[in-house]
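Novice: Here are the chains, one letter per residue:
Protein chains: 2
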Amino acid sequence: MPAKITKKGDFTLPGEAGYEALTLKLAERWGADAIRDCDGTVLSDQIILADYHIYSTICLVRADNEWAKANRDKLQQNYLMSNPVVAEKDTVEIDLLNGYFRDQFEVNTNDDPKKWWQVFDRTTGQEVSKDQWTFNSAKGIVIVDQPEKWHKYTVNFLAYRIWEAISMYNHITNDWGDREHQMPVDPVYPETQKFILKYLQKWLDMHPKTRIVRFTSLFYNFAWFWGDPSIQKFRYADWGSYEMTVSPLAMAQFAEAKGYELTSEDFVNKGAYCSSHNVPSKRLLDWMDFMNAFVVEFGRRCIDLVHDAGKKAYMFYDDHWVGTEPWGERYRNMGFDGLIKCVFNAFETRLCAGVQGVKTKELRLHPYLFPTGLQGEPTFMEGGDPARDARRFWANIRRGLLRVPIDRIGLGGYLHLVEDFPDFVNTIEQITREFRTLKQLHINGSPYTAPLKVAVLTAWGKRRSWVYVGHFIHGMALYEITESLAGLPVEVSFISFDDILEQGIPVNTDVMINAGKAGTAWSGGEHWKNKKIIEAITEWVACGGGFIGIGEPSACQYSSQYFQLAHLLGVDREIGLTSNIMKLDITLSEGEHFILEDMNGDIDFGKDTENIFILGKETLALSEKNGSAKIAVNPFGKGQSIYLSGFKFTPENTRLLHRSLFWAAGKHKEYGPWTCSNVRTDCAFYPKVMKLVVINNSDTAEITKIIDADEKSIEVSLKPHGIQIIDL
Amino acid sequence: MPAKITKKGDFTLPGEAGYEALTLKLAERWGADAIRDCDGTVLSDQIILADYHIYSTICLVRADNEWAKANRDKLQQNYLMSNPVVAEKDTVEIDLLNGYFRDQFEVNTNDDPKKWWQVFDRTTGQEVSKDQWTFNSAKGIVIVDQPEKWHKYTVNFLAYRIWEAISMYNHITNDWGDREHQMPVDPVYPETQKFILKYLQKWLDMHPKTRIVRFTSLFYNFAWFWGDPSIQKFRYADWGSYEMTVSPLAMAQFAEAKGYELTSEDFVNKGAYCSSHNVPSKRLLDWMDFMNAFVVEFGRRCIDLVHDAGKKAYMFYDDHWVGTEPWGERYRNMGFDGLIKCVFNAFETRLCAGVQGVKTKELRLHPYLFPTGLQGEPTFMEGGDPARDARRFWANIRRGLLRVPIDRIGLGGYLHLVEDFPDFVNTIEQITREFRTLKQLHINGSPYTAPLKVAVLTAWGKRRSWVYVGHFIHGMALYEITESLAGLPVEVSFISFDDILEQGIPVNTDVMINAGKAGTAWSGGEHWKNKKIIEAITEWVACGGGFIGIGEPSACQYSSQYFQLAHLLGVDREIGLTSNIMKLDITLSEGEHFILEDMNGDIDFGKDTENIFILGKETLALSEKNGSAKIAVNPFGKGQSIYLSGFKFTPENTRLLHRSLFWAAGKHKEYGPWTCSNVRTDCAFYPKVMKLVVINNSDTAEITKIIDADEKSIEVSLKPHGIQIIDL
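Chains as they are written, first to last, in my numbering: chain F, 6 to 733; chain L, 6 to 733.
Source of the hints: derived by calculation from the structure; they are not laboratory data. In this text the structure is predicted, and so the values were computed from the model without any measurement. Don't take every hint at face value.
Copies of the same chain look alike in the list, so a pair counts if it works inside one copy or between any two.
[As the list claims (entries may be wrong)] Listed next, the in silico DSBU-like pairs over lysine-lysine satisfying Cα-Cα at most 30 Å (straight line):
1) LYS622 / LYS94
2) LYS612 / LYS444
3) LYS203 / LYS317
4) LYS630 / LYS317
5) LYS154 / LYS207
6) LYS144 / LYS263
7) LYS154 / LYS534
8) LYS12 / LYS203
9) LYS653 / LYS588
10) LYS653 / LYS630
11) LYS275 / LYS522
12) LYS672 / LYS94
13) LYS536 / LYS135
14) LYS13 / LYS120
15) LYS643 / LYS144
16) LYS717 / LYS630
17) LYS536 / LYS119
18) LYS135 / LYS119
19) LYS588 / LYS94
20) LYS537 / LYS94
21) LYS588 / LYS522
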């Protein structure tokens with residue numbers, strides 16, 4: 006039964022007052038069923054009264070600047086660490102905001118510094134006694150008396166944010182001139198909650214035509230500290246971390262709830278803050294849990310108002326998403342009807358699709374209709390090519406869409422910017438059609454997935470499934486791996502060390518992946534000192550499991566090894582502590598190995614982890630560079646391991662990973678059904694409707710052969726970035 | 006007064022019985038005044054009775070194999086760590102010598118394993134209780150009962166060495182077939198001492214013609230553990246470490262002398278052993294001190310016999326030099342008349358020349374008259390070019406010889422091998438002439454040295470001056486640096502962290518250098534956690550000192566920084582713990598900096614330490630690669646620091662270092678007198694005799710200009726590897 010391909014619907018268009026004709030023309034052309042406003046645009050009556058669902062964005066914490074100005078003691082806060090100052094005399098003066106963006110931050114002089122702040126000797130790492138320093142609020146400086154000479158000192162202090170970060174970004178990026186700076190209020194205060202609920206109710210009353218209230222997002226932005234513009238624009242950014250949720254009131258409530266007090270240093274963490282890249286402490290996880298409970302509870306009260314007004318509530322899974330934890334247990338209690346994720350890549354598609362407890366999943370496509378992109382590169386301006394960008398992003402996103410269902414797509418920004426880019430308009434039209442086709446296939450049943458269960462082990466586990474800490478970071482091995490995984494026909498889950506300790510390795514796991522740099526949350530840091538972890542994984546591999554380690558898997562200098570699973574991997578890394586211990590010569594194994602069968606030419610992992618040596622003759626090196634193993638495989642008991650010295654998301658490496666999963670699982674004989682001969686192409690087979698989708702991920706024409714379940718081969722020709730749907 | 010250039014003398018020739026005519030012909034041609042035997046060669050009467058001083062080699066610990074065979078319980082020993090074995094069942098069996106060369110080692114079954122050995126769970130790093138394991142001496146295995154399943158276990162055990170390492174190397178390298186394996190006896194036993202003294206006396210009596218007794222060397226070889234030849238030839242080698250000095254008797258004596266007991270793990274050190282690359286523990290330094298006292302004391306008794314016999318005693322500063330510590334305080338008490346160092350490089354020249362308390366310094370030149378070199382490369386055989394090798398080594402060595410006096414040079418090996426290499430014979434003739442010329446200049450007074458005092462800071466300090474842990478290791482930054490330093494007209498000393506703690510930074514030090522990988526003895530490891538060190542160096546720089554950090558200087562993740570002197574260097578390294586903290590953009594400073602004035606083209610440090618970021622606007626980046634600083638300079642107080650991301654011994658980098666020393670010292674205006682315009686050339690001015698020596702270090706013809714003390718310039722043309730001596 007051929008799927009009915011709809012030409013309209015499932016598309017959200019950003020409308021723009023003053024460009025009504027354009028708005029309605031493109032709504033028709035792109036088959037929109039909904040029109041939205043954006044931060045910086047409004048919709049006019051002519052648009053609102055046309056026959057479209059109206060999405061209206063709202064960001065409650067920056068909604069009413071008058072209230073914020075009248076309640077500056079209820080602005081959102083965070084801890085900052087001052088720049089270090091070396092003690093050269095009998096006192097040290099530390100200018101707290103030196104190097105920070107003074108338009109973003111203002112020192113909190115309301116809450117007692119002696120109670121909430123800390124001064125550290127960062128030479129020794131010791132806190133300075135509270136009676137040894139004073140705060141001069143007029144000058145915004147802290148003075149340390151009788152410091153240890155030549156040591157360096159920092160202050161952890163509370164700062165109010167006097168310019169809401171996303172609004173600040175939009176303001177500066179789009180040159181909003183002297184438009185008033187919006188300030189973020191903190192819903193932790195009962196007064197703020199009362200104000201917000203009242204404001205929201207009024208807003209709902211005033212937006213009768215709005216069908217969908219899009220929260221952008223809830224209350225707390227990801228961490229984003231800006232710098233003194235004469236020095237550096239940004240100082241710290243982490244899409245997943247909780248620094249911006251802090252206030253003395255919340256910390257007091259935390260102490261009551263959890264039975265112990267946090268300090269400023271729990272958030273400042275020697276200047277590293279609570280970055281998602283770092284292994285979270287139990288204390289940080291407690292704080293996240295506490296904030297999550299609060300955000301879900303108060304968020305629910307807001308969403309209830311939306312529902313009571315007969316509207317739907319969607320959440321934007323970016324910006325102020327901190328505290329919502331869409332992959333957490335509480336998320337379903339929040340009551341959102343939809344979740345919108347801004348995407349460049351397949352892994353973000355999976356991130357959005359995998360959230361439980363929300364009905365509608367929507368992808369906001371890049372590029373945004375802004376003059377410049379996230380890195381400041383030209384987009385809708387001279388030198389930009391937004392159509393090319395859109396095609397490339399779509400090619401990545403589409404890999405994920407073959408595997409998981411998504412309900413809607415859409416755009417954001419200033420619609421009028423597309424006027425000079427007709428190729429972009431055509432490209433989006435093409436994309437909307439493809440999207441509807443793919444959506445229809447999923448409605449009729451899931452695509453074929455190989456009987457292969459992969460668990461990615463990180464310190465975060467499910468909480469940061471698909472390793473979401475921001476947009477794609479090139480060169481971070483685990484990002485590159487998840488992007489490859491996101492388009493493969495295998496089952497993928499993310500587990501933590503605590504999961505293993507509490508529940509063991511999930512039943513039926515075929516392959517475990519651990520990747521990243523030593524000391525990071527991705528590799529696992531000191532979790533690898535826990536013998537229970539070593540025992541569990543070693544036993545599991547001995548019984549047939551497959552372990553794939555990439556970069557510095559299980560790395561943590563401890564006892565006699567650097568890779569704590571060196572005995573499984575068959576390799577370890579020389580970091581300079583055993584330089585004079587001679588290493589075995591690496592002689593590459595002869596004959597082609599299953600995992601390398603589709604590789605052509607040199608293997609390019611981008612950046613290789615160097616100084617990898619093999620431990621014994623059983624370890625088979627498949628690739629090496631300058632005497633360091635790039636790829637090695639090692640048997641252990643009934644299982645086997647694979648080591649890769651790095652990873653970069655390329656067609657060849659994705660195939661290498663695909664084959665590695667099968668080989669590590671001991672299932673390489675089962676590799677074949679519904680795979681493509683050409684690594685630049687992917688396919689998905691939908692058995693219910695007997696349809697085969699084949700996509701070309703590259704910008705060149707490609708020919709590929711698909712192996713079906715009977716080992717028969719189907720040849721397909723594809724245009725650049727093309728797609729073919731074949732009835733079988 | 007022109008120096009008298011002698012055509013004879015100061016040269017030691019290796020003679021060879023059966024090649025008497027060749028021996029005497031070459032002795033004449035090369036101007037030898039002494040003829041020596043070698044391990045593997047003897048001198049005949051025809052040679053001995055010719056008019057040359059006779060050098061005879063003796064190695065007391067392998068001198069009499071009959072005595073060794075009759076006293077196998079007095080063979081030398083060492084601790085080995087067995088290969089790790091993962092516990093898969095209720096017991097673990099560990100084959101102790103698995104993977105080791107069974108011709109070199111034999112398990113010591115004489116001393117109680119339960120007293121002297123240790124078994125470790127290397128998964129947790131914990132020792133296994135002694136009643137949990139048993140030793141099966143018949144099988145040479147240890148059995149651990151009820152191990153923790155899936156953990157890995159190793160045994161630290163004592164092994165006798167049944168083949169003396171240097172003799173073994175010579176035997177295997179030169180194919181000695183079934184010649185008996187010489188075994189090393191340990192002079193720690195009173196019986197061995199008695200035997201050795203008696204043997205030596207008899208030997209002296211039997212060698213009336215011997216004028217110089219060359220000890221090769223004393224009692225304990227540097228550590229050299231060989232592997233099962235089917236797996237790997239060598240397992241561990243360290244030219245400066247003490248693993249081969251161990252025995253239960255010595256350990257018992259140590260406990261008595263120092264008041265505490267060492268364990269096997271003090272030597273095995275998690276399998277890293279006591280490598281010179283690792284920061285020595287206080288316990289290791291105590292052991293070295295204890296052994297040094299013993300070696301000096303018993304060595305002195307041997308040397309006294311030599312002197313009583315009217316002969317001179319020379320020591321070979323390689324092979325069995327461990328325990329003698331030529332740079333230590335006790336060395337002068339030993340009474341050696343001469344010290345012979347085998348050299349490839351300038352730093353080894355400085356190493357030999359700098360030893361106090363011994364009159365005659367002699368260099369043994371490479372290549373040895375062996376078919377193959379130290380790395381197994383062809384030398385005196387087809388494919389070898391020993392003349393080219395000799396010229397290259399000499400060009401390096403000569404840089405050092407310009408700075409410091411050496412008394413003699415010589416060769417070693419099988420003389421007959423030179424017969425097929427007439428170019429080598431010519432080259433050595435040329436080298437002997439040059440050597441005598443240079444020696445003569447030093448006799449008339451020291452060359453000009455700039456008023457610039459450099460202290461190289463390592464965990465070893467003076468003990469491992471010139472970073473002697475073996476032959477030149479390419480790519481180890483500090484080796485490459487010392488090789489550059491060895492030819493520069495500045496004063497160089499080596500200091501330790503303990504020196505700074507005990508005596509402060511040496512008075513009048515202009516520049517301090519710290520270089521190497523984090524965690525190594527060269528960089529300093531955990532010494533950098535000591536606030537007294539940070540205070541001392543910071544204050545010293547604030548008062549005008551110059552700090553040069555290379556690679557990972559002051560590196561040790563601690564408190565909020567990786568480089569503990571980041572505040573001086575103006576840079577730090579991102580190792581993955583603060584990835585989301587944004588770094589300042591590196592914009593190269595405009596205009597040429599003093600330290601780069603003689604650089605042409607790209608700066609090549611070989612391997613760069615990556616991810617180096619600058620801390621503030623005061624830090625001036627002079628070179629960068631992929632956004633990581635390669636060269637940065639930073640002011641602090643009255644002083645300044647320079648950071649280099651790596652170092653390779655090249656003419657350009659040597660000049661960069663030379664200029665950096667002056668700039669860091671704040672003396673760049675004093676740079677100039679007696680420097681060469683051409684970086685491939687060096688010069689030395691001998692003010693007493695008003696002679697200027699100019700050398701060409703390269704194998705191409707070069708023209709260079711020398712700036713004299715009055716800033717006048719002298720142009721000189723040089724042949725490949727040429728030398729010119731100019732009267733001023």
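Novice: Starting from the hint list further up, note which numbers the structure goes against and sort them upward.
Specialist: 2, 4, 5, 6, 8, 14 and 16
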